[in-house]
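Chain P is already provided as a structure; the job is to place chain L on it using the hints.
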Amino acid sequence: MSAASLGYGELALASLLLWLNGALSLWLGLGLERRMLVAGVRMVVQLLLVGLILKALFEVSSPLITGLAILVMIAVAANEVHARPERRLGGVWGFAIGAVPMMASTVVVTLLALVFAVGAQPWSDPRYAIPLAGIILGSVMNGVSLGLAGLVGGVVRERNGIEAQLALGMTKLAALRPLMRQALRNAWIPLINQMSAAGIVTLPGMMTGQILAGMDPVDAVKYQIMIMFLLGGASGFGVLGAVYAAVWRLTDERHRLRLDRVVTRE
Amino acid sequence: MLIVERLQRLSFGPFALTVADGECVAIAGPSGAGKSVFLRMIADLDPHVGTVRLDAASREAMPAPRWRRLVTYVAAESGWWADAVAAHFGATIEPARALLPAVNLAVEALDWPVARLSSGERQRLALVRALVQEPRALLLDEPTAALDPDATAAVEALLRRVLQRGTSIVLVSHDPRQADRLAARQFRMEAGQLKARVP
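Protein chains in written order, with my numbering: chain P, 1 to 266; chain L, 1 to 199.
Okay, chain P solo, but in the shape it has when bound (with noise of 0.2 Å):
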């Protein structure tokens, strides 16, 4: 595989392109200058400093290494998932019901791709395990952020429709599953349109970024189809996991909508 290396007068020549929409907006007093300027200097700030840790990462290869980082990983993305939304659940069961699934899920489905998809020697080589681990975790962090918010925000608003179905007597599974479908639908929507669109409407990132590189595209094609599988297991798997823990977090033993366990960001 040979890659046209870049240096970074053309790095510095892209970014042209940024600047100049900085500028239209300012012109045009859009207000978004700032934001993408904030914005273009973290992207260049944190995939430097994280190509540096990856080459560190790649270097060492401990498998205990591999592993803390891919915890780091996880521990943010909770993080996102958990502090984004205008309502969620508090405490460290709010904290728990994003991260759990999302742990168990990005690990288990990474660990099945590297020991029977990848087939890397050794499984846990970090130049494998570490940016499949990252792929599959996006996804599954999109897909709980999207299911959870979706899910607490809606029980908050159908409050007297629900509360309505218990006072008659329904069981809170009963109550809320209109809106755990809802959930779930709106979490696995973004996954089935990047199926559906895959290659017709874009050629996905890491695919685009293998053919760039000399991969031979059909080689690139199906890493990619693999990679979309995984996705959407993983994404499943933990979408699923994390609003049924919502649900059993949002309500209690005598089927009670527990509203009190919800905060509202000021």
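A hint or two may mislead.
A short list of chain P residues far from chain L (calculated; beta carbon distances all over 12 Å) [unchecked claim]:
#1 55
#2 65
#3 228
Per label pair, the in silico range of CB-to-CB distance [what the hints assert, rightly or not]:
#4 108/L x 264/P: 37 to 45 Å
#5 189/P x 111/L: 27 to 35 Å
#6 157/P x 1/L: 54 to 62 Å
#7 49/L x 190/P: 39 to 47 Å
It is worth saying that the hints were derived from the structure and are not from the lab. Every value quoted in this text rests on a predicted model; they were computed, and no experiment measured them. Think of the CB as a built atom: it goes at the ideal place given N, C-alpha and C, for glycine as much as any other residue.
Just chain L now, with coordinates in the frame of chain P:
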């Protein structure tokens, strides 16, 4: 007979109350005094301490959904969870159809979308929805607040029939005349305490 003992939540209570079969007990009092909190506690809709029994059957000994079918709370603001009115009734749709004229509602109301209902129509349909399940006790939170005098009279007549069947009713009402018309005993909720009131 509905027997409430030492019911307590936050700064509300402790409450004790016994309502005989076929008896209506009315509760008045300012907003925020704890009237709805009290009814919701009896229906076990919020965490709290204390016990409630229906004759010898203890609430704690049965699953909450079964208790709420026996002792049904009807909120002041009715809740809906589907687009069509009929979807809220399921197997009880025919008994509900039979009851609608008694609360001055057109039978066709069951075929409407919920969005078309006025708040008074919603309130009456929510009451019918609870009645057709034939609970042993009803916890009614301002059941006629959004109704005109004719509809109010119709609902009261229906409630009297329900009482005659032996159903117990705890009625929260702001209208002292309504309390006089329906209730044998009256209470006033003040700052989380229930006080007997002479009609």
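Subject >> Enumerated hints in conflict with the structure, sorted upward >> reply: Violated hint (a single one): 6; every other hint is consistent with the structure.
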